[in-house]
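Colleague: Residue numbers (the numbering used here), protein chains in the order written: chain V, 281 to 623; chain X, 9 to 228.
In case anyone wonders, no lab produced these hints; they're calculated from the structure.
None of these values were measured; they are calculated from a predicted model.
The beta-carbon is built from N, C-alpha and C at its ideal position, and this holds for glycine as well.
Errors might be hidden in some of the hints.
Stated by the list, open to error - Which chain X residues stay away from chain V? Per the calculated CB distances, all over 10 Å, these:
1. S40
2. A147
3. T190
What the hints assert, rightly or not - Derived coverage of chain V by chain X (criterion: at least 3 residues anywhere in the stretch with Cβ under 8 Å from a Cβ of chain X; other residues may be distant):
4. 425-438
5. 485-494
6. 579-585
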Amino acid sequence: MTETSTLTVRSVCPDRTPEWQTFVETHPDATVFHTAEWLHAIETVFGYEPRHVLLTDGGTVRALVPGFVVFEGFGWSVLNPFCEYGFPLIGEGTMDAAVLSALQRTDDTRVVKDVSWSGVSGYTTTDFGGVPTGSSIRLSIDRSFTVLWETVFDKDVRRCVRTARDHGVSVTDGTVDEFYPLYLETMRRLGSPQFPERFFASLADAFRESVAILLARHDGEPIAGVFLFEWGDATIIWTPASKRTHWDYRPNHLLYLEAIERACQANRSVVDFGRSRRGSSVHGFKAQFGGVGYPLMSFVTPPHRAGRASLDGYGRLSAVTPYLAPVITNPSVGTRLKRFIHE
Amino acid sequence: MNNTILIGLASVLALAGTTAYWWRRERLVKESLTASRDWETNTNATTAVAHEELRAATKAAKRLDARVTDLPERVIALDEERRGLRRELDAVRERWADSWLSHVDMTADGDPPVRVVVFDSWEIDDVRAFAKRAMNEDAITVVVGGDNSFAVAVGDSLSDECSATEIAGSITECAGGGAGGTDRLAIGGGATGALDTACRNVKHSRIQSATVYPNPENDA
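For reference, chain V alone in the conformation it holds in the complex (with noise of 0.2 Å):
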């Protein structure tokens, strides 16, 4: 066991250093949001000062924490921004809590977002405060996509997919061009500053193969769509966004069920339906796909700044916030805004 004392913690920049990129291929618990493609892009597109950390051992790197400093409203944090997963990658054989000490030497206010699978401890130990922050669905991809269908989606599904089907909605591959009107659309429903459209350019250049965008469309006009991140051995359902008026075609159903099959065929492990709340209706949506909802919980250190990882001010705000769409959706305003709300 790696103890406390002989962990060095280096500022890397991930996309210039091999052995992030080494570390997090090699990891089981890596996701698309420890790359450094992931990085790059938003030190890119948001210029956040990274704050990326290598933790050695005579060389070695024993984990990797990624993280910026954002602005926080009251100060400002180290985190993972537009993600639901920034929790540090630990090597076998390195306890998590000497991780998580040496993170509390580098004196910034550091905020982890983790998961329950992703198997790290010793935040107790190290006092780090918790906050939750929701769940996240993740439907393990352990059958083939048939016996999923027949016995595992709830009839529910089956029922909105053969509505879309019998409107003549179908699914394809689709670009950021097409989809950013889709999303932009749902920003503005939802009442939500948006990305710009250059961070969603910007991902489907570095990650190439692993970033799909489907699109459902309907007399060949897109009515919905996701943005993918088909990395490593999951699918992350990241960015789904969609026309109201054409709820009642169902394309979600569709583009969750394609983005499943694609699974599948690519003989992935998991889907990852990403982030939502317990009780709400997008929850009740991701669960009809039968899927186990993960906890997730960010983890603050110092704890008495705990407060800056809570999501409960946005859900206040949600309430007023369609109200106001026009100003905080607009280009202008939006993406710049976008950049202190980074849930």
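Position chain X relative to chain V; hints supplied.
Modeller: Structure of chain X alone, referenced to chain V:
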């Protein structure tokens, strides 16, 4: 309102603000640390193990094209299938041994009659199956396999005067390894010396008899 009152009011406000700040801070620390502790207790303590178990179970389920929840049933079904195949294989071996016995000349001179059957490609299960069938013969049959295994079968009529375990012991004394069984049938293995030679020595020590090489040559 004089300065004293103003200073007094400002002090009260400052004190109230400071108190509220520290009260809120303490509450936040307490709540967040409690959340951390609950997480570790309820989730991570079992997750580390559960994670590994789930991964292994998922891998196994994928291999079997089954759901993780269906694994117990599939494993039971596979085990039953394996047992069935094993029974079938044993039955085939018995038929195969019968067939060999009907083609090998098992008549032997001497008292007691002793046969040594050597087959390089046989394994211990084949040797055992053959020896079991040879127990029906009125002879002592020593079967040697290619994996340094051997078996000794003693016919019913000879069981009073010869012991299979005793003969097997004589063989392991020469060739090494170990053996065990009953007076009628003994199985041995792990020989480090030449089993052929050991069996011949035993054979000659008991009676002048023949060695049978079913394939490729038979020196009987």
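Colleague: Now tell me, hint by hint, if it's right for this structure.
Modeller: Okay, the hints, checked on the actual structure:
Residue placement check: S40(X) does not keep its beta carbon more than 10 Å from all beta carbons of chain V (closest about 3 Å). No beta-carbon of chain V comes within 10 Å of the beta-carbon of A147(X); the shortest separation is about 57 Å. With a minimum CB-CB distance of about 48 Å to chain V, T190(X) clears the 10 Å threshold, and the non-interface call stands. Three residues within the 8 Å Cβ limit are the bar, and the segment 425-438 of chain V against chain X gives 3, so the coverage statement holds.
Look at the segment 485-494 of chain V against chain X: 0 of its residues bring a Cβ nearer than 8 Å to a Cβ of that chain, fewer than three, so the hint is violated. Look at the segment 579-585 of chain V against chain X: 4 of its residues bring a Cβ nearer than 8 Å to a Cβ of that chain, three or more, so the hint holds.
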